[in-house]
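Number of protein chains: 2
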Amino acid sequence: MSSSSDTIKYVLDETRIPRFWYNVIADLPTPPPPPLHPGTLQPLTAGDLAPLFPMSLIQQEVTGEREVEIPKAVRDVYRQWRPTPLYRARRLEKALDTPARIYYKYEGVSPAGSHKPNTAVAQAYYNAEAGIRKITTETGAGQWGSSLAFAGALFGIHVDIYMVRVSYNQKPYRRALMESYGARCVASPSMETNSGRAILAEREDHPGSLGIAISEAVEMAAQREDTKYALGSVLNHVLLHQTVIGQEAMAQLEMADDYPDVIVGCTGGGSNFAGIAFPFLGAKLRGGKNVRIVAVEPSACPSLTRGKYAYDFGDTAHLTPLVKMHTLGSVFTPPGFHAGGLRYHGMSPLVSHIADLGLIEARSYHQGPCFEAGVQFARTEGILPAPEANHAVRGVIDEALRCKEEGVSRALLVNLCGHGHFDMQAYLDYFAGKLLDLEYDEKELAMALAGLPSVG
Amino acid sequence: MSSSSDTIKYVLDETRIPRFWYNVIADLPTPPPPPLHPGTLQPLTAGDLAPLFPMSLIQQEVTGEREVEIPKAVRDVYRQWRPTPLYRARRLEKALDTPARIYYKYEGVSPAGSHKPNTAVAQAYYNAEAGIRKITTETGAGQWGSSLAFAGALFGIHVDIYMVRVSYNQKPYRRALMESYGARCVASPSMETNSGRAILAEREDHPGSLGIAISEAVEMAAQREDTKYALGSVLNHVLLHQTVIGQEAMAQLEMADDYPDVIVGCTGGGSNFAGIAFPFLGAKLRGGKNVRIVAVEPSACPSLTRGKYAYDFGDTAHLTPLVKMHTLGSVFTPPGFHAGGLRYHGMSPLVSHIADLGLIEARSYHQGPCFEAGVQFARTEGILPAPEANHAVRGVIDEALRCKEEGVSRALLVNLCGHGHFDMQAYLDYFAGKLLDLEYDEKELAMALAGLPSVG
Numbered sequence: 299m300s301s302s303s304d305t306i307k308y309v310l311d312e313t314r315i316p317r318f319w320y321n322v323i324a325d326l327p328t329p330p331p332p333p334l335h336p337g338t339l340q341p342l343t344a345g346d347l348a349p350l351f352p353m354s355l356i357q358q359e360v361t362g363e364r365e366v367e368i369p370k371a372v373r374d375v376y377r378q379w380r381p382t383p384l385y386r387a388r389r390l391e392k393a394l395d396t397p398a399r400i401y402y403k404y405e406g407v408s409p410a411g412s413h414k415p416n417t418a419v420a421q422a423y424y425n426a427e428a429g430i431r432k433i434t435t436e437t438g439a440g441q442w443g444s445s446l447a448f449a450g451a452l453f454g455i456h457v458d459i460y461m462v463r464v465s466y467n468q469k470p471y472r473r474a475l476m477e478s479y480g481a482r483c484v485a486s487p488s489m490e491t492n493s494g495r496a497i498l499a500e501r502e503d504h505p506g507s508l509g510i511a512i513s514e515a516v517e518m519a520a521q522r523e524d525t526k527y528a529l530g531s532v533l534n535h536v537l538l539h540q541t542v543i544g545q546e547a548m549a550q551l552e553m554a555d556d557y558p559d560v561i562v563g564c565t566g567g568g569s570n571f572a573g574i575a576f577p578f579l580g581a582k583l584r585g586g587k588n589v590r591i592v593a594v595e596p597s598a599c600p601s602l603t604r605g606k607y608a609y610d611f612g613d614t615a616h617l618t619p620l621v622k623m624h625t626l627g628s629v630f631t632p633p634g635f636h637a638g639g640l641r642y643h644g645m646s647p648l649v650s651h652i653a654d655l656g657l658i659e660a661r662s663y664h665q666g667p668c669f670e671a672g673v674q675f676a677r678t679e680g681i682l683p684a685p686e687a688n689h690a691v692r693g694v695i696d697e698a699l700r701c702k703e704e705g706v707s708r709a710l711l712v713n714l715c716g717h718g719h720f721d722m723q724a725y726l727d728y729f730a731g732k733l734l735d736l737e738y739d740e741k742e743l744a745m746a747l748a749g750l751p752s753v754g
Numbered sequence: 299m300s301s302s303s304d305t306i307k308y309v310l311d312e313t314r315i316p317r318f319w320y321n322v323i324a325d326l327p328t329p330p331p332p333p334l335h336p337g338t339l340q341p342l343t344a345g346d347l348a349p350l351f352p353m354s355l356i357q358q359e360v361t362g363e364r365e366v367e368i369p370k371a372v373r374d375v376y377r378q379w380r381p382t383p384l385y386r387a388r389r390l391e392k393a394l395d396t397p398a399r400i401y402y403k404y405e406g407v408s409p410a411g412s413h414k415p416n417t418a419v420a421q422a423y424y425n426a427e428a429g430i431r432k433i434t435t436e437t438g439a440g441q442w443g444s445s446l447a448f449a450g451a452l453f454g455i456h457v458d459i460y461m462v463r464v465s466y467n468q469k470p471y472r473r474a475l476m477e478s479y480g481a482r483c484v485a486s487p488s489m490e491t492n493s494g495r496a497i498l499a500e501r502e503d504h505p506g507s508l509g510i511a512i513s514e515a516v517e518m519a520a521q522r523e524d525t526k527y528a529l530g531s532v533l534n535h536v537l538l539h540q541t542v543i544g545q546e547a548m549a550q551l552e553m554a555d556d557y558p559d560v561i562v563g564c565t566g567g568g569s570n571f572a573g574i575a576f577p578f579l580g581a582k583l584r585g586g587k588n589v590r591i592v593a594v595e596p597s598a599c600p601s602l603t604r605g606k607y608a609y610d611f612g613d614t615a616h617l618t619p620l621v622k623m624h625t626l627g628s629v630f631t632p633p634g635f636h637a638g639g640l641r642y643h644g645m646s647p648l649v650s651h652i653a654d655l656g657l658i659e660a661r662s663y664h665q666g667p668c669f670e671a672g673v674q675f676a677r678t679e680g681i682l683p684a685p686e687a688n689h690a691v692r693g694v695i696d697e698a699l700r701c702k703e704e705g706v707s708r709a710l711l712v713n714l715c716g717h718g719h720f721d722m723q724a725y726l727d728y729f730a731g732k733l734l735d736l737e738y739d740e741k742e743l744a745m746a747l748a749g750l751p752s753v754g
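Going line by line, the protein sequences match chains A and B.
Mapped onto this note's numbering, the consecutive letters of the first sequence carry residue numbers 299 to 754.
Mapped onto this note's numbering, the consecutive letters of the second sequence carry residue numbers 299 to 754.
A pair counts as met if it fits within one copy or between any two copies, since identical chains are not told apart.
Derived pair list, reagent style SDA-like, types lysine to any residue, alpha-carbon separation capped at 25 Å:
(1) Lys307 x His719
(2) Lys732 x Ala485
(3) Lys741 x Thr631
(4) Lys702 x Arg677
(5) Lys392 x Arg431
(6) Lys307 x Phe453
(7) Lys392 x Arg482
(8) Lys732 x Asn467
(9) Lys392 x Phe453
(10) Lys606 x Arg661
(11) Lys732 x Gly480
(12) Lys370 x Val309
(13) Lys370 x Lys392
(14) Lys432 x Thr678
(15) Lys582 x Phe318
(16) Lys307 x Ala426
(17) Lys307 x Glu552
(18) Lys432 x Ser303
(19) Lys732 x Pro667
(20) Lys307 x Arg677
(21) Lys307 x Ala554
(22) Lys370 x Pro352
(23) Lys392 x Ala371
(24) Lys732 x Val464
(25) Lys606 x Leu342
Just so you know, these hints were derived from the structure itself, not from any lab.
Extracted from the complex, chain A is given alone in its bound form:
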């Protein structure tokens, strides 16, 4: 019962909430390739995006400035849960008997339980500032939907959430959270949109997909002056908003008189990973300390490790611009593993570009070993991670075990992007031995990759 093996918390006071979001594009040797208009194949203009986003967010999407000031009203909301704690996981270190120093940044303290409100609040603020009264979005597992619902409630914006029908039916508790915040949840495909009606006409009991839900949300936003659309990951401005995570972690590690040798994050669309990694990557690119950055993705949806770096659509219905990214093909359907937040066929174009530059590593795991890691984390550190975060935890535990093998003490930093309170069915399945290490269909992947649009 010696305290020398107990968890240490590094707390910053609210004056240390970052004043700027950090834009890694300013420090990259080359800028990422531009998104293209799907019709003309010409680089997208700000005007092309204007029906969907307020101009302030479009400017953030394309800016090359290193720092973007965080509005005071956004920082005022952030301070309810930011700065989030950084922990030294000494109980986990002891259980692993590793010489590694494991630090975790915990984003689950936000009201919605993940890092998503960092951008949801910013997006709701800019939309409110532009006089927007309604935002449409899609959600799969529900982390993003509940975060935008929360942010909408604060800024007086109505939020309509197109939730993949199978999730809508299987995850009533996530839906209840969104409705508690006052948002409206619609099972997608729905009868509210042309795209929804067209799909239901073909198949009345269609289970829906993220691609269809995006189409519905985009269609509704494009039709109305007072309505815009919001996305919870992938885009540059979303990754930008998440950089408060890494900036705070940097200050907290300074309190610990330490600096990470390795940073680990899980990747679906790429936003929580970018949030913790980009500020450290930028410091390195500006001549600072070296750091290995490891992206962990599910083996069943391995865009970074098995995808092709190519121009592709962001949705299955091909309504979005073409973006260059690591993709499994927009028609690829990953099997139904539990980390719903990582079930996306592509990767953020900015993360993809950085991977292409060789600035980060990528690794994939099946869900079984990830849940094993998550349970070990819960039993030592007390926090039950979300299935998505379990991937990052698996990654950092393996780095710690490598330190043990090599007899080297390294500082490891991992982003614990959310708690698993709304994902308990996955843990029940794990304990019951029903959690399968799902494989994608090799043939389907080959076909999806063969069907990529030919650009440039």
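Position chain B against the provided structure of chain A, taking the given hints into account.
Chain B alone, transformed into the frame defined by chain A:
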């Protein structure tokens, strides 16, 4: 979007975690009546409790000292989430258009999501120190069970949790959380104990009750040298451990340059209420500022507002000592409302004594208006309260509305004892209009009260 209406957070650094638990008995004009041995009706001795609790906790149960030092090992665990934040709910104040200053202390930041780990960690520590290898307990809704499971994992103690069978079947996600922490959950009544087997012999499909689960847990603990029993509320030492809440709140209100005119907490067994209220009550009793203290309980289980202050058993099977408390009768069965943590037939003897001394007020609400308050809280402050906490939120909102009516600005302090992430079915029922304002059976209450043991 002015920041003048945004939530304010008052943060203490970890050096401000209290060093002592505060024992209000030292400041009361008279001590509470002693618990009695159920056989002899004589005051209980420490030896009577020795089969169930380690001596250190028995000493805390009976001590008259004002301060009990918190062991360093317990403070080391506390610092993972303590000091918990105190918030000024300015977004809620604005929505209510009230001149009141509403402060909420948020205990949901603990790994298990409520105030319960404050005592679970202490109890696990003292048991580990005494060489105990296993703790048995009961749980209804599961907040207590998951907290003790978490604490057991940290101190290397196995935890066996007898969970009321109907909850075991209806709340698999709470069970999954307990199992994630490594505890063993047993549906009660079970075939593992004499009391369980006896009940199952009479009725194979018995749904169980908290009283039966207590009997099973007590029976298992009493049989084995290396096994003890733990309770999550009601007892003096449990309330003692919760006083870190009020002590921190006092320091945080000092940061805000304020002092509460009214303190509101919900009461089931009484521990979260005592935790926030007793330090302020003690200050008042020692000649400090006056403060109104309001206990809020469910109308369907109104021990303080409708019960009798009398000696009664703590369980339905009559295995426990007799304690003097506000009770609805140990055979009283409350209807199945959602705040499972408030479904207890009695009230902590210490809270009951203090109520009898006229030092606190009590008030009851039906669950409908409580959920209405909880949803309003979620939409303004972002945190979705547990059904139990909704009672306190209802209470403080009504105090704030009274301030508005009277045109008076008072400082209101409420304990937000836990989040509702594992209680979403209740919110779904509320939104679906299926949440009934359940009434207890007047005739059953009269009979239960008539059947109280005749003591003294």
